[in-house]
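Residue numbers (this note's numbering), protein chains in the order written: chain V, 472 to 725; chain S, 472 to 725.
Note that these hints are calculated values from the structure, not bench results. One thing to keep in mind: the hints can contain errors.
Unchecked claim - Partial list, derived from the structure: chain S residues whose beta carbon lies under 7 Å from chain V:
#, residue
1, Pro480
2, Gly542
3, Asp679
Just so you know, even glycine gets a beta-carbon here, dropped at the ideal spot from N, CA and C.
Number of protein chains: 2
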Amino acid sequence: MDVDTREGPRLGDAFGATLLACLEAGSRPGTVREIVERDDGYLDGQDALFYFLPSEQWDALDHWLVDRAAGHALDVGSGAGRVALHLQDQGHAVTALDISPAACEVCRRRGVCTVVEGTVFELLGPASEPQFDSVLMLGNNLGLLESRRHAPLLLGALATLTRPGALILGRGTDPYATENPLHLRYHARNEVLGRMGGQIRIRVRYHDTATPYFDYLFESIDELRILLSGTGWTLEEYTQDGPSYGVVLSKRKG
Amino acid sequence: MDVDTREGPRLGDAFGATLLACLEAGSRPGTVREIVERDDGYLDGQDALFYFLPSEQWDALDHWLVDRAAGHALDVGSGAGRVALHLQDQGHAVTALDISPAACEVCRRRGVCTVVEGTVFELLGPASEPQFDSVLMLGNNLGLLESRRHAPLLLGALATLTRPGALILGRGTDPYATENPLHLRYHARNEVLGRMGGQIRIRVRYHDTATPYFDYLFESIDELRILLSGTGWTLEEYTQDGPSYGVVLSKRKG
Chain V
472 MDVDTREGPR
482 LGDAFGATLL
492 ACLEAGSRPG
502 TVREIVERDD
512 GYLDGQDALF
522 YFLPSEQWDA
532 LDHWLVDRAA
542 GHALDVGSGA
552 GRVALHLQDQ
562 GHAVTALDIS
572 PAACEVCRRR
582 GVCTVVEGTV
592 FELLGPASEP
602 QFDSVLMLGN
612 NLGLLESRRH
622 APLLLGALAT
632 LTRPGALILG
642 RGTDPYATEN
652 PLHLRYHARN
662 EVLGRMGGQI
672 RIRVRYHDTA
682 TPYFDYLFES
692 IDELRILLSG
702 TGWTLEEYTQ
712 DGPSYGVVLS
722 KRKG
Chain S
472 MDVDTREGPR
482 LGDAFGATLL
492 ACLEAGSRPG
502 TVREIVERDD
512 GYLDGQDALF
522 YFLPSEQWDA
532 LDHWLVDRAA
542 GHALDVGSGA
552 GRVALHLQDQ
562 GHAVTALDIS
572 PAACEVCRRR
582 GVCTVVEGTV
592 FELLGPASEP
602 QFDSVLMLGN
612 NLGLLESRRH
622 APLLLGALAT
632 LTRPGALILG
642 RGTDPYATEN
652 PLHLRYHARN
662 EVLGRMGGQI
672 RIRVRYHDTA
682 TPYFDYLFES
692 IDELRILLSG
702 TGWTLEEYTQ
712 DGPSYGVVLS
722 KRKG
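In isolation and in its complexed conformation, chain V is listed as follows (with noise of 0.2 Å):
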């Protein structure tokens, strides 16, 4: 018989349905959460509202970052367009970028005009020309340098997609600015297994879906610029609330 008596979600779009619900709840306050899972079992959510707020309601991290914007911009993991949306009204060309359909899909449902479903990868065509001036990675998108093995090969695909003089745009949080014992516990984990401290295995969960699991980086403002060495990439300028950060890098004159 056809029946799925599997134990444990089916793999799908979590992320984007998350997205696609609260888009569809209205875009309201506590209608829809989202819920992400990391490999220990830590579970954390946050409303999905985030990820449709107006930046009058953004922090001043995310507007010291956006008003950097310059040129013909790409918003890598787009989500619901929220900075692709308010770039494209201050008069930008953008591109959002995102790996999940469904966030693509509202993404155009929103108003954004380009939108992209795939990786950074995928932008490399065999005749891809270098087409953007400011990479904006919000929201603690730096998280996608994913590890020490996966950062320079982000960063290197972002120095052939981008013009001379470009910038990239990051939000990034230091994982060892806390005293949570569960995320202590997790740092001694990803020690004994090789991986960096900040490094995290998640995915994220709607209903009975769950994304497949991903490397997700919190790193110290000190262990990226380890991971910016060798790359076509330097630390400008970074400014701090908290844990969390900013930072502007840009491409080496080459």
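Guided by the hints, dock chain S onto chain V, whose structure is given.
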């Protein structure tokens, strides 16, 4: 090295930890959610404050049930003690029973006088006397009937623990009053596995802990009638509010 590199949550008293966190956060709305995971991966949540609500904030069905309590009451699955506290305030003798150590701690801190950590079966000592006149199973706790196999065992134990004329005041939910495809798919899966349609296998999660999976039974009134046959209990009265219902079961004169 003594570092835990498991995948998935640790076994623990996640239900009690949820209640304790809610109590320690001041029992305010929106601070702690109870997260329930079904074994198909379906995640559901509700504000943990539900377990703390004073009787003025209960619905009519809860009042319909507690107003029928008489004599010495046993509150089965007492959670944070909302039912036990209300009955105690009304002058009843009440024993709060919960399998969760931290839930028992919450009951004690909130002023429940008699709290027992354990199951109904653990109340059955070799010299146990029938001592209860009312058994309260609010908040869907008819779900503790678990399954076709377990229901008569629990009902039998409750018959042994209660005096002549005793009542079970229970609340349940008809699982078939849904059009949610996730639930309909789960019913079909249960049928394949030889389980009752609304027999859900769930666990509670909190941070990086989870309870063991346990069966919890949503049954229609008709299914409940069948489960009662051959036990010491008769369906005396019931009242419905959408898919949710309250029942009064009376102990057969014997």
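Hints and how they fare:
no.	hint	result
1	Pro480	holds (3 Å)
2	Gly542	violated (42 Å)
3	Asp679	holds (4 Å)
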